[in-house]
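Using the sequences provided together with the hints, build the complete structure.
Protein chains: 2
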Amino acid sequence: MQRYKLTIEYRGTDYAGWQRQKDARSIQQEIEEAIFAFSGQDATIHAAGRTDAGVHARGQVAHVDLSPLKKPMDPFEITKAINAFLIEKSISVLSAEPVEEDFHARFAAQNKLYIYRILNRPALAALEKNLVWHVKQPLDVRAMHEAAQILTGYHDFTTFRGSQCQAKSPERTLDRLDIYERPYDSCGGCEIIIEAEARSFLHHQVRNMVGTLSLIGLGKWTAKNLGDALKACDRTQGGPSAPAAGLYLVRVDY
Amino acid sequence: MQRYKLTIEYRGTDYAGWQRQKDARSIQQEIEEAIFAFSGQDATIHAAGRTDAGVHARGQVAHVDLSPLKKPMDPFEITKAINAFLIEKSISVLSAEPVEEDFHARFAAQNKLYIYRILNRPALAALEKNLVWHVKQPLDVRAMHEAAQILTGYHDFTTFRGSQCQAKSPERTLDRLDIYERPYDSCGGCEIIIEAEARSFLHHQVRNMVGTLSLIGLGKWTAKNLGDALKACDRTQGGPSAPAAGLYLVRVDY
Chain A
15 MQRYKLTIEY RGTDYAGWQR QKDARSIQQE IEEAIFAFSG QDATIHAAGR TDAGVHARGQ
75 VAHVDLSPLK KPMDPFEITK AINAFLIEKS ISVLSAEPVE EDFHARFAAQ NKLYIYRILN
135 RPALAALEKN LVWHVKQPLD VRAMHEAAQI LTGYHDFTTF RGSQCQAKSP ERTLDRLDIY
195 ERPYDSCGGC EIIIEAEARS FLHHQVRNMV GTLSLIGLGK WTAKNLGDAL KACDRTQGGP
255 SAPAAGLYLV RVDY
Chain B
15 MQRYKLTIEY RGTDYAGWQR QKDARSIQQE IEEAIFAFSG QDATIHAAGR TDAGVHARGQ
75 VAHVDLSPLK KPMDPFEITK AINAFLIEKS ISVLSAEPVE EDFHARFAAQ NKLYIYRILN
135 RPALAALEKN LVWHVKQPLD VRAMHEAAQI LTGYHDFTTF RGSQCQAKSP ERTLDRLDIY
195 ERPYDSCGGC EIIIEAEARS FLHHQVRNMV GTLSLIGLGK WTAKNLGDAL KACDRTQGGP
255 SAPAAGLYLV RVDY
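The listed protein sequences derive, respectively, from chains A and B.
Going by our numbering, the letters in the first sequence line up with residues 15 to 268, in that order.
Going by our numbering, the letters in the second sequence line up with residues 15 to 268, in that order.
Among the hints, erroneous ones may be present.
As the list claims (entries may be wrong) - Subject to a maximum C-alpha distance of 30 Å in a straight line, what follows is the list of computed DSS-like cross-link-like pairs (lysine-lysine):
#1 LYS143(B) with LYS36(B)
#2 LYS94(A) with LYS84(A)
#3 LYS182(B) with LYS143(A)
#4 LYS234(A) with LYS143(A)
#5 LYS143(A) with LYS36(B)
#6 LYS143(B) with LYS36(A)
No lab work stands behind these hints: they were computed from the structure.
Take a look at the structure:
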């Protein structure tokens with residue numbers, strides 16, 4: 015068997031999430047079926063992060079073990095062979111690299127970068143519908159960034175933990191949470207970008223942090239409210255969850 | 015009557031182009047129907063550039079004349095009222111501004127900026143399917159940019175003119191044609207951006223220039239080939255037309 019590290023881009027809108035499900039199309043299933051279609055092998059792939067329905071990836075990482083192929087193929091040919099069965103899908107394998115058999119996409123990950131995109135303007139998203147979270151009220155980006163620094167470092171993130179989170183511990187180290195804006199259109203609309211880096215995240219952690227920080231951007235919450243919510247270690251003390259559409263798994267480092 | 019200048023964003027994928035057609039949905043028709051729905055007025059809108067099927071806009075400009083509304087509305091309320099009937103569409107009005115009655119979206123335009131996006135990597139576009147032109151062979155961006163400068167200035171652009179072009183003269187002044195790249199993913203994929211500015215363009219001019227420049231990027235053509243093609247004033251001497259999906263009307267200046 016040879017283990018491969020796959021780097022994958024997808025548009026999450028069209029799927030019920032990464033993980034295989036009984037009654038809905040998942041990204042995992044599409045890729046496993048494409049691998050079967052080219053190799054005849056019924057392989058299971060393991061991802062660095064099992065993204066939810068609607069969440070996108072620019073650089074998801076997964077690993078898969080393949081038995082020797084009837085016709086030997088180099089990694090570039092394997093990438094092309096998988097993609098040949100994904101042409102009609104919103105999924106693209108960017109690279110396949112042979113790795114040691116102890117490489118594990120999830121457990122060996124040293125760092126993950128998630129980006130969250132908010133389209134901040136009165137008019138709905140037309141070009142990038144389902145690719146951003148649309149917030150029509152103006153957000154104070156500087157206040158959001160300054161308050162966000164309260165969340166960096168080692169904390170109990172229970173306040174930002176999804177109810178279905180299966181992690182043993184709610185404690186995580188958030189290495190970076192930067193928020194900035196850039197112009198989006200010529201009518202004053204802007205895009206707000208939230209970059210979050212950590213070795214691992216709790217389920218829904220980024221979306222729950224972004225939703226809570228939006229309250230600060232709207233002037234409904236102060237930085238002190240955020241600090242109090244974090245200390246409360248109680249999900250009901252946190253703000254709402256931001257929609258899946260704005261979230262991207264951008265990079266996983268090993 | 016009060017004339018309004020509308021600035022509009024749309025995803026061209028879902029429409030047969032800007033202009034009204036008998037048997038297909040157009041962007042013009044969608045907006046005119048939305049204006050009728052909120053105002054009861056059967057108004058015709060005139061755009062700065064009648065984009066083709068599949069071509070996108072981040073800042074199309076159109077004008078429309080409205081009779082006094084039963085309930086007076088300020089421009090921001092008019093914008094919201096039109097957008098309320100475009101929610102399910104891939105069209106968003108970014109702003110409505112009252113203008114003098116001699117303002118004409120097409121004839122008063124002083125400058126237009128089109129951007130063309132090429133996704134240059136082996137793997138197909140997943141996240142931005144229909145929003146870029148995918149070219150899998152590596153393109154030499156510097157060679158493309160240098161050769162592109164042959165096209166700037168005042169020329170007879172017959173070589174890059176679409177067969178259905180209705181312009182009286184094939185002569186235009188191309189003020190700027192800049193080509194550069196930026197990283198797109200973490201696997202070496204990059205995005206090539208072509209920015210074209212002029213007071214006006216011939217039909218298919220940008221797509222035909224981009225398609226021809228791609229031959230230079232691939233090493234199939236030299237800059238001299240491009241100069242000879244331009245001088246030939248013959249469409250059959252130009253390269254192929256690049257797909258609509260990569261083209262954006264970004265800004266119109268008055």
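Status of each hint after checking the structure:
1. LYS143(B) with LYS36(B): holds, 28 Å
2. LYS94(A) with LYS84(A): Since the Cα atoms of LYS94(A) and LYS84(A) sit roughly 16 Å apart, the hinted pair holds (cutoff 30 Å).
3. LYS182(B) with LYS143(A): violated, 38 Å
4. LYS234(A) with LYS143(A): Given pair LYS234(A), LYS143(A) holds - Cα atoms ~27 Å apart, limit 30 Å.
5. LYS143(A) with LYS36(B): Satisfied, since the Cα-Cα distance of roughly 27 Å is no more than 30 Å.
6. LYS143(B) with LYS36(A): holds, 27 Å
Consistency with the previously given hints fails for number 3 only.
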